[in-house]
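K.L.:
Residue numbers (the numbering used here), protein chains in the order written: chain X, 9 to 520; chain L, 10 to 341; chain H, 2 to 307.
Keep in mind that the hints were calculated from the coordinates and are not lab data.
Being a predicted model, the structure only gives us computed values, none of them experimental.
Residues of chain X placed beyond 12 Å of chain L at every Cβ, according to the derived structure: (1) Arg11; (2) Glu31; (3) Ala60; (4) Ser65; (5) Ala83; (6) Trp109; (7) Leu145; (8) Leu160; (9) Ala223; (10) Ser269; (11) Gly273; (12) Glu275; (13) Gly455.
Using C-beta positions, here's what the derived DEER-type ranges look like: (14) Thr99(L) to Leu261(H): 31 to 37 Å; (15) Arg315(X) to Ala76(H): 49 to 55 Å; (16) Leu261(H) to Gly31(L): 37 to 43 Å; (17) Thr167(H) to Asp29(X): 42 to 48 Å.
The beta carbon of each residue, even a glycine, is placed where N, CA and C say it ideally should be.
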Amino acid sequence: MLRMQGISKSFGPVHANRSIDLEIPAGRIVGLLGENGSGKTTLMNVLFGMVAPDAGSIVFKGRPLTGHSPREAIAAGIGMIHQHFMLVPAMTVTENVMLGWEATGRWLRPAAVAARIRGASAAYGLGLEPDARVELLPLGAQQRVEIVKAILRGAELLVLDEPTSSLSPPEIASLLGVLRRLRDEGRSVIFISHKLGEVLEVCDEVIVLRDGQVAGRAEVAGVGRRELAHMMVGRDVGAPIDRVARAPGDERLVVADLAASDAAGVERLRGVSFSVRAGEVLAIVGVDGNGQAELAGTIAGVIAPSRGAVFVDGADVTAGGVAARRAVRLAHVPADRATTGLVAEMTVAENLALRAFDDPPFRRGPWLDADAMSALARERIAEFAIRASGPGTAASTLSGGNQQKIVLARELGGRPGVLVAEQPTRGLDPGATRFVIDQVLTLREAGGAVVYISTELEEALLVADRIGVMYGGRMVGLVRREDVDLSRLGLMMAGALQEHPDAAALYGVRAP
Amino acid sequence: MRAALAVLLAFALTALLIIAAGKNPLLAYAALVRGAIGSWDRVGVGLNKATPYILTGVGVALCFRAKVINIGGEGQIALGGLAATWMALTFPRIPPIVLPLLALAAGAVAGAGWAAVAAAVRLRRGVHEVLVTLLLNFVGVLIVSEALQGSLGEPGAGFPQSPLLPAATWLPHPLQGNDLHVGILAAVIAILAGHALLWRMPFGFRLRVMGASVPAAVYAGISPPRTFLGVMSLAGALAGLAGGIEVLGVHYRLIDGFSHGFGFNAVAIALLGALNPVAILPAGLFFGFLETGAQAMQRAVGVPTPLVSVIQGLTMVFILSAMGVSARRPRV
Amino acid sequence: MDSVAELLAASLRIATPLLFAALGGILSERAGVFAVGLEGMMLTGAFAGVIATHALGHAGLGLVASAVGGALLAAIVAIATVRFCADQMVTGLAVNILALGLTSFLLRGLFGRGEAPIIRVTPLAPLPIPALSDIPIVGPLLFRQPALTYVGLALIVAMFVLLHRTRAGLTLRAVGENPTAAFAGGADPLRVRAVAVVSGGALAGIGGAVLSLQQVGTFTDGMTNGRGYLALAAIIVGRWSPAGAFVGCLLFGATDALQLRIQGLRLPVSSYVIQMLPYVVSLAVLAGLGRGAKLPSAIGTPFVRR
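Pulled out of the complex, with its shape left as it was, chain X reads as follows (with noise of 0.2 Å):
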């Protein structure tokens, strides 16, 4: 039904899909998985016209789609469920189906398309009440909105991305039986996600990407979990880098029960503790959106927590904001790199002084010092190695390696105490990637604790002595680097193992 080929898309330095080939025939249900960054979602972006490929051809069901928008994805009978949903949260379920939809005429008949959802929702169980405002809807409800909109619209390729991310157990399993029936009705429908159990409990075949890249397809009935999660992770681990196995000191990040909601309310850490000791990486790993962005930004100040508390070799830094944590010593590489933990406009002097500009040596009286910025960035350039022409070019002119260079040579400059480092490596070449764990283990070798927190698995390993799964907003499972197996790790980062629930009974750590 669908062949794509030799389909190409980078967004700036990021090469998102690497010349995919793909087939779909009619009447399956085919899982498409891979880790954060793989290209999933961008492919398939690609497929539905809201993103223009930079090379590749698209066959659906015969005819070829080229330069298109959604309108013609849509009329060719191709319906996607996106991750984040597309409908208008103040409209009603009716309005958002009339949405864009042609066939409805020029003067709106709800009642008519109201009876249609209805019967629709009779058919595939779905559940929907016409009259409803989506913003009230359980997420599950919104969730078939999307579906019940590429149904009525005769949609034969129903594509859903992360369709499960934001399910309770038992809407996943009603969604993965809306989806079997209309596989049996001749439909296609292609399963993005990262879940290895639901991917292997509804598809009939998946086919893995890595890299931007395909690798590896296989009949789901004949393929183990293992197996799998190796395609998606990669290759063994290789030679771990020189580390200097130390007996952690004392504590010097206790994190107790804490939680936090999203900007929109939605509670993403659900009560997590652990303690770091000196001279130890904790390294977080687990699916992007399972909390992680919550918990670097209640340890390190930014976001205020719901409950919960944060202490830093000893004192009580929860409710002290920024200015706490700086205090303690507390540093914090931000995951958002451009627009956070840098000033793209500003030097990269200034971008050196951002957090403590207000302080001496970069304060003088009401005044900046600017040759003390200026020296001291002369300092930190040739420690790090950052490759810009001077104190005074802008940061926006540097590359994302050299760009990371100076939020570390910001944070760690400062010879901090306790390091809190968000997707450190994130669009860094190999040798960029390299010299930040380089860093890290440096700053661990002198004493202090580091809570690195990633998406990816392998370069965990590298720096952690102990690694944390963070799924769905809780720590599902913290082991040793000496006990860690791979698989199991992959199990749980896919939600379908559980260990060691609650870390803080490990560590007697209490909720105050």
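Once you have looked at the hints, place chains L and H on chain X.
P.N.:
Relative to chain X, chains L and H alone:
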């Protein structure tokens, strides 16, 4: 660079309009230039006109740096003039040098206060500062009108205005026989201080970070609400000062409607100066001389003065479009 | 009782220009573009209306010209903000300045000889509807209004129908709330926004003509005098709905009518304080609404296609 291009393009389009009105654009522009800087007299008048523009322009530019859109210049200037007038009329016994300075200070305080009111509404009630400052403009101007009907008015005058202020409060003219008053010094100081503040002081650092992104500001330990309030008050103070200078230096009395159009011109000047205090100097001069020259242009060639607003509006649209395009280009 | 009815009738009459502008602004804002330029669009329409009527002799043609004038100014906003992603609010201000200068300039340049001419146009007379206008109380209030006021009232209903009963309106509202969702659903957000802004400008232009052709009978410099901003405030007060905006416009019309009458009554309250009322009231209402005001979610953010 972009500003110069925008201005040229605006002049070119306006030339078409002049032709449509049946006049020769080259003659018109020549008269414009002559009227603006053709004699020392004209230069003095032009500098006087540029002074309030520069003052308010610096304030608005600092706000824009933090992505705060402050259009309240007209109201802030009006109330600044009111406060200065009140001070000058109510305390005639204060010694000569001190009185005008106090009056100007009163103007600055009044302007800052009015801007702070707008900031408070924005911070506590979430109403966008554009709308709040706009509406408060009208209210501020009407407060001045009201005051001129009452205690500060001059009964019997054909027009709402205050009595002539005591000569001790008038801003002196440093050059013999020239209309230029010392207010220009305040403008120069504002430019230098604004530059220093933006680039060499912690507060300016805060503004620039906040203007880049609010998450970066939080990450850097900056309080967005406090910075918002601070920069609005500062801009209000500058505008209020400008109002006081207009009253004490140009009109020597409070005249109803003297603040008309200043707020919008300040926005235009801030944009033209690429939000850089130093570049606001030529931008403000440009506007000031444009207006004085326009009057001469009308007298000499018969091209009506509203042309100036056309040039200003077109220039702004071009600069804004260019800014929009460059913001769209993704950064690494 | 009589004077109250008269006051209400006058309020409605005075509110009509605001109403047209507010309805036009609603089109623009609900599609996601701030309508700060309403003031300039009204002014341009006022000017074009008077000039065309004077030159062509027919008020109907004047109305058409006013719509075209408003639409042309709005086209500048559309190109700058939708195509070039210029800041919507400041661009609106820029075209207001532009319109002020352009209209005054053309008035003198095309018709005067360096002086501002006074072009007199017969104002559109009230159009009493027979029989209905004789109903006590309601009659004079509702049915002895000028023609354009009736059109304005009808337009409220038409706008509601457009927004909530047609697919075009649904698409427009979706673009203002979540343009990416609209795009994923098959719409073209850029085109929708451009059309919304330009048609809104046409309506605002007609509003200006109501002022110049129906109420005053001539064009004077800057005659809209902030009405465009009041229309904007009315939109916000009315929560971006046509009926709500109408209430807001009526409120402002009432304060204006009140002010004229109070001056005759010699009350101890100064006329300037009365003049402040519309602005203070709208500020108070806006502040009272607080963050809860349901503004179109995607307003102000440009839509960029990757």
